[in-house]
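Chains A and B are the protein sequences, given in the same order. Take the first sequence: its letter number 149 is residue 149 in the numbering used here, and every next letter is one higher. Plus 1000 on top of the position in the second sequence (first one is 1) and you've got the numbering used here.
No wet-lab data here; the hints were simulated from the structure. Hints are not guaranteed to be accurate.
Straight-line distance between alpha carbons at most 25 Å, and here's what the computed PhoX-like set of lysine-lysine pairs gives [unchecked claim]:
{"hint": "1", "chain 1": "A", "residue 1": "K96", "chain 2": "B", "residue 2": "K1095"}
{"hint": "2", "chain 1": "A", "residue 1": "K131", "chain 2": "A", "residue 2": "K96"}
{"hint": "3", "chain 1": "B", "residue 1": "K1155", "chain 2": "A", "residue 2": "K141"}
{"hint": "4", "chain 1": "B", "residue 1": "K1095", "chain 2": "A", "residue 2": "K41"}
{"hint": "5", "chain 1": "A", "residue 1": "K3", "chain 2": "B", "residue 2": "K1065"}
On the chain A side, residues computed to face chain B include the following (Cβ under 10 Å) [as the list claims (entries may be wrong)]:
{"hint": "6", "residue": "V12"}
{"hint": "7", "residue": "V18"}
{"hint": "8", "residue": "T33"}
{"hint": "9", "residue": "P126"}
{"hint": "10", "residue": "L128"}
Where a beta carbon is used, it is the ideal one built from N, C-alpha and C, also for glycine.
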Amino acid sequence: MAKRESTFKNMVVALFMVTLIAAASLGLVYDMTKEAIETAKTEAKNKAIRNVLPEYDEVMGEYRIATTPGDDSLEFYPAYKNGNLVGVAIKTYTKKGFSGYISIMTGIDAEGNFSGYEVLEHAETPGLGSKMDIWFSDAEKPNQMVIGKNPETARFDVSKDGGEIDAITASTITSRAFLDALKKAYESYRETEIKPDESARPASK
Amino acid sequence: MNQWKIFSKGFIKENPVFILLLGMCPTLGVTSSAINGLGMGLATTFVLVMSNLVVSLVKSQIPDKVRIPSFIVIIATFVTIVQLVMQAYVPTLYKSLGLFIPLIVVNCIVLGRAEAFASKNTVGSSLIDGLGMGLGFSFALTLLGAVREILGSGKIFDIVIYSEDYVTLLFVLPPGAFIVLGYLIYVINKIKKA
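Please model the complete structure; the sequences and the hints are all you need to start from.
Structure, rendered in structure tokens:
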């Protein structure tokens, strides 16, 4: 087949057809995957909540709190078992990481202690800062654990800054950022309405 | 050139990474582990095969002066499809490859094959060329990722080989990518000459 001449009309028609077909097929694929993408996102979130909290039946009454105006808000997911509050999962973040933004799902149990955490998103150095996903939950090394503690009973700073948590070796900046995110979560948790002993909903108690 | 030669040239003789040195951005960026390299390689393979196929199908309909923009639109469409599908069905892999998926659009290999091969050859040959080049690229990325993962984190495909206390962290960091790539290029060129 002979090649089309590069006349103005031919060029316009060719580009129009190419972009038209591209747009149509993209719309189709977007429609087909929309639901699956949503499901995948919700599933990832639910899995994170399950990992950071003690066993629970259901999550109810999610809410958000903006700590600083114009900035991302923290997401709160109160979890109940047999109508009693067992803890609140909090999606928190910090921008003080070695490579900026870090997003963490953390859980605070009914006693007000951290019950777990999961790093959702980060760009820290692999092998150094990225170790935070296990470092602060190592049950054999109580000095670097955050689980079972809270900022009122233990000072949530790295030991270099006079705190009670050992920083990740060679990753003090990441460790500071991590604790910053946790402290932020705890402060907003304290300010919120729901307290473990007077859970407003559900009423059955 | 027979079909087998078209297919196999992507692995050693004209390997996009080790011989042509194309697509260095994803090569150096995502290969901190073997699975990331493989995922990136297969995503690129899909885009290569599909764009080669479509470009060779429509080549006679596209006037020469607008061929590059047309090819870019075709490639970008397939990249976006890959991105949406990965986000929906393999969210963990999508998360670790992140930014590099949309960057397949500007990967020199994809446009290079469209321009240098698919726009001049038949549909069948173009398909085989895309597949061979894509798998050659996947092979290179997986190899690079595997070497870096073994040296840098003591694992391969997430299976622990030796303790993390003895690893050389440098290899999972960006400089490690350059060092390993340099040695692999040397090795592959030796094999090619032999």
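Hint by hint, here is what the structure shows:
1. A/K96 x B/K1095: 21 Å, holds
2. A/K131 x A/K96: 16 Å, holds
3. B/K1155 x A/K141: Roughly 24 Å between the alpha carbons, so the hint for B/K1155 and A/K141 holds.
4. B/K1095 x A/K41: With a Cα-Cα distance of about 11 Å, the restraint between B/K1095 and A/K41 holds, given a limit of 25 Å.
5. A/K3 x B/K1065: 11 Å, holds
6. V12: 9 Å, holds
7. V18: 5 Å, holds
8. T33: 4 Å, holds
9. P126: Nearest chain B Cβ about 5 Å off; hint holds.
10. L128: 7 Å, holds
Checked against the numbered hints listed earlier, the structure breaks none of them; every hint is satisfied.
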